[in-house]
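K.L.:
With chain C's structure known, arrange chains Z, H and L on it following the hints.
Okay, here's what each chain looks like letter by letter:
There are 4 protein chains.
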Amino acid sequence: MTVQVIVLNGGSSSGKSGIVRCLQAVLPGTWLALGVDAFVDALPAKMRGSDEGITFAADGGVSVGAEFRALDAAWAQGVAAMARAGARIVVDDVFLGGPASQRRWRDALDGLRVLWVGVRCDEAVAAGREIARGDRVPGTAAAQAHAVHEGVVYDLEVDTTRTESLVCARAVAAHVG
Amino acid sequence: MTVQVIVLNGGSSSGKSGIVRCLQAVLPGTWLALGVDAFVDALPAKMRGSDEGITFAADGGVSVGAEFRALDAAWAQGVAAMARAGARIVVDDVFLGGPASQRRWRDALDGLRVLWVGVRCDEAVAAGREIARGDRVPGTAAAQAHAVHEGVVYDLEVDTTRTESLVCARAVAAHVG
Amino acid sequence: MTVQVIVLNGGSSSGKSGIVRCLQAVLPGTWLALGVDAFVDALPAKMRGSDEGITFAADGGVSVGAEFRALDAAWAQGVAAMARAGARIVVDDVFLGGPASQRRWRDALDGLRVLWVGVRCDEAVAAGREIARGDRVPGTAAAQAHAVHEGVVYDLEVDTTRTESLVCARAVAAHVG
Amino acid sequence: MTVQVIVLNGGSSSGKSGIVRCLQAVLPGTWLALGVDAFVDALPAKMRGSDEGITFAADGGVSVGAEFRALDAAWAQGVAAMARAGARIVVDDVFLGGPASQRRWRDALDGLRVLWVGVRCDEAVAAGREIARGDRVPGTAAAQAHAVHEGVVYDLEVDTTRTESLVCARAVAAHVG
Chain C
304 MTVQVIVLNG GSSSGKSGIV RCLQAVLPGT WLALGVDAFV DALPAKMRGS DEGITFAADG
364 GVSVGAEFRA LDAAWAQGVA AMARAGARIV VDDVFLGGPA SQRRWRDALD GLRVLWVGVR
424 CDEAVAAGRE IARGDRVPGT AAAQAHAVHE GVVYDLEVDT TRTESLVCAR AVAAHVG
Chain Z
304 MTVQVIVLNG GSSSGKSGIV RCLQAVLPGT WLALGVDAFV DALPAKMRGS DEGITFAADG
364 GVSVGAEFRA LDAAWAQGVA AMARAGARIV VDDVFLGGPA SQRRWRDALD GLRVLWVGVR
424 CDEAVAAGRE IARGDRVPGT AAAQAHAVHE GVVYDLEVDT TRTESLVCAR AVAAHVG
Chain H
304 MTVQVIVLNG GSSSGKSGIV RCLQAVLPGT WLALGVDAFV DALPAKMRGS DEGITFAADG
364 GVSVGAEFRA LDAAWAQGVA AMARAGARIV VDDVFLGGPA SQRRWRDALD GLRVLWVGVR
424 CDEAVAAGRE IARGDRVPGT AAAQAHAVHE GVVYDLEVDT TRTESLVCAR AVAAHVG
Chain L
304 MTVQVIVLNG GSSSGKSGIV RCLQAVLPGT WLALGVDAFV DALPAKMRGS DEGITFAADG
364 GVSVGAEFRA LDAAWAQGVA AMARAGARIV VDDVFLGGPA SQRRWRDALD GLRVLWVGVR
424 CDEAVAAGRE IARGDRVPGT AAAQAHAVHE GVVYDLEVDT TRTESLVCAR AVAAHVG
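Protein chains in written order, with this note's numbering: chain C, 304 to 480; chain Z, 304 to 480; chain H, 304 to 480; chain L, 304 to 480.
This is chain C alone, in the form it adopts within the complex:
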């Protein structure tokens, strides 16, 4: 049974989006990319910066409220339904809740063949790439670099510190078979 959903988890500026686009290029067939950024874009403007929604503190901390979590759960159900309807999907997420975040995805994706991928990046390197992007709150990369991986279980881990996105994507693709 072949992989139906690839879930990438990693901190901000760890290089997830680049790997996702490379996966879409190198994997056979057509894969949809539905990451946390797509979910946040779907939220009303009023939810950004709201206690019920998602807030970005000046020190790089990210907090989400009850309404955000409820919608995020519905989002995961929807992504699972797309996969059950035949679409192959690459999800990239930031497991702010660590194993609880993984469990939520695992429950939603029940019955589907999932490949769990950890995307690591040295904290200082991720912080530098955050500066190079210029559109993120400084400190977010450092705050998330380790925390999002604690207690999470992967089929495969890649590290973008010294490995290009395309090379990481090929390593992931080799497990999709």
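I should point out that these hints are in silico values taken from the structure, not numbers from a laboratory. Incorrect hints may have been included.
Derived pair list, reagent style EDC-like, types lysine to aspartate or glutamate, alpha-carbon separation capped at 20 Å [as the list claims (entries may be wrong)]: (1) H:349 x C:362; (2) C:349 x H:438; (3) Z:349 x L:438; (4) C:349 x C:370; (5) Z:349 x Z:370; (6) C:349 x H:362; (7) Z:349 x L:362; (8) L:349 x Z:362; (9) L:349 x Z:438; (10) H:349 x H:370; (11) H:349 x C:438; (12) L:349 x L:370.
Just so you know, these numbers come straight off a predicted model, no measurement behind them.
P.N.:
Just chains Z, H and L now, with coordinates in the frame of chain C:
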């Protein structure tokens, strides 16, 4: 029973996105916006400009291939699943297939309470707004202005030709109950 | 002597950018668009939200610091030099300083043939369009709608409240000669 | 006499923009970023894809017409005038014309203290990053990787193949004095 999904259908540059953002601002509660642009963004880069995917002709014509249609059907299943999981959703789409496009959404959203909204705009006005946006293939607005509405059935129609997005959104919101 | 620089002044969400893109489409020849957004994009990320740079208050107020003003003056000198080197240019700006802002541009553009255009929009309509854009601090449009025009002198005024961008652009183009 | 303008030259996807944003973060004072992308954004939509403007061939080749070149020369004059008016500026460009492109900038920046920086990246690595970006014509990075450096003279070269943007930026900053 209250509305769970609002589906807006209208041609390119008819003003759908502005109405969606206003709906997210004026409707009580939190509504997710999941339009055709979000779907196209989720596709691999290689699908844009490909026969299997979506192509934009120099005269404003838009064509989609078999692979695009299969994924679009899975997308609609996923949006429906999100609504069944409790998220309220605003979809904006361009019914290139007219009533067949509506039927596909109707089937996917089976059992959900849907509000069908037609977004009209005078062809010449939409063509002018297309120029003002500066990032669309000239001619797309004119090519779609009437065609996407043929044979489609609505609960409500709004016309952005002389009515602001916010006013149109309030008219839609009044039907959400 | 034909117009070399068109300066549009108007509040946030008054419709300046749409008119600029239409002017680029309808004017004979090639016109560069160099508005205040291009200037802000050229600033370091650290200047956004800094007292020395530009800050956006929660009530829609916009403040700029000394460093912002010094760089803005250099920017205007550069735009003038481009025009003197033969480029035709459309500038769109928000005269937060009213007549002082106009004087600064007038001094920089000394010797060039300039068309001064006021872009008006009813305050409530601009506030509605701000919601429809979804990416602006609510209240900015209302705060600026009248203030930016006080004491400013124009060759021509357009009003986007009930007139499309393309029609406004044609009215401006008729004065370019 | 301290550096007033930094000119970075490198092929598409060689990492220029990341270095520019890091330079804006690490250099003392405020530097404006005015690269070729800002110039292209200022052009009318009708110039993209036009023989007079700029065209992107399917094989990654980029061609510019006479009108593009004339405006680009005026742009360089304007950037120079900004620097003479006191703004410090980081330019990033793609010297499609090699030494002729450098000469044009050298002439425009006459009398200013300029730091010339070559941004190198291994051709295969740049091609991989082009895929990871997802919004560029495949082949552009490879086509430009070597060609844009032929016959160009630098004060300093950096290579992003195995060196992060921030580290490259610090190397450049050490020459700004």
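K.L.:
Each of the hints needs a verdict: does it hold here or not?
P.N.:
Now the hints, each set against the structure:
no.: 1; hint: H:349 x C:362; result: holds (14 Å)
no.: 2; hint: C:349 x H:438; result: holds (10 Å)
no.: 3; hint: Z:349 x L:438; result: holds (10 Å)
no.: 4; hint: C:349 x C:370; result: holds (12 Å)
no.: 5; hint: Z:349 x Z:370; result: holds (12 Å)
no.: 6; hint: C:349 x H:362; result: holds (14 Å)
no.: 7; hint: Z:349 x L:362; result: holds (14 Å)
no.: 8; hint: L:349 x Z:362; result: holds (14 Å)
no.: 9; hint: L:349 x Z:438; result: holds (10 Å)
no.: 10; hint: H:349 x H:370; result: holds (12 Å)
no.: 11; hint: H:349 x C:438; result: holds (10 Å)
no.: 12; hint: L:349 x L:370; result: holds (12 Å)
The structure shown violates none of the earlier numbered hints.
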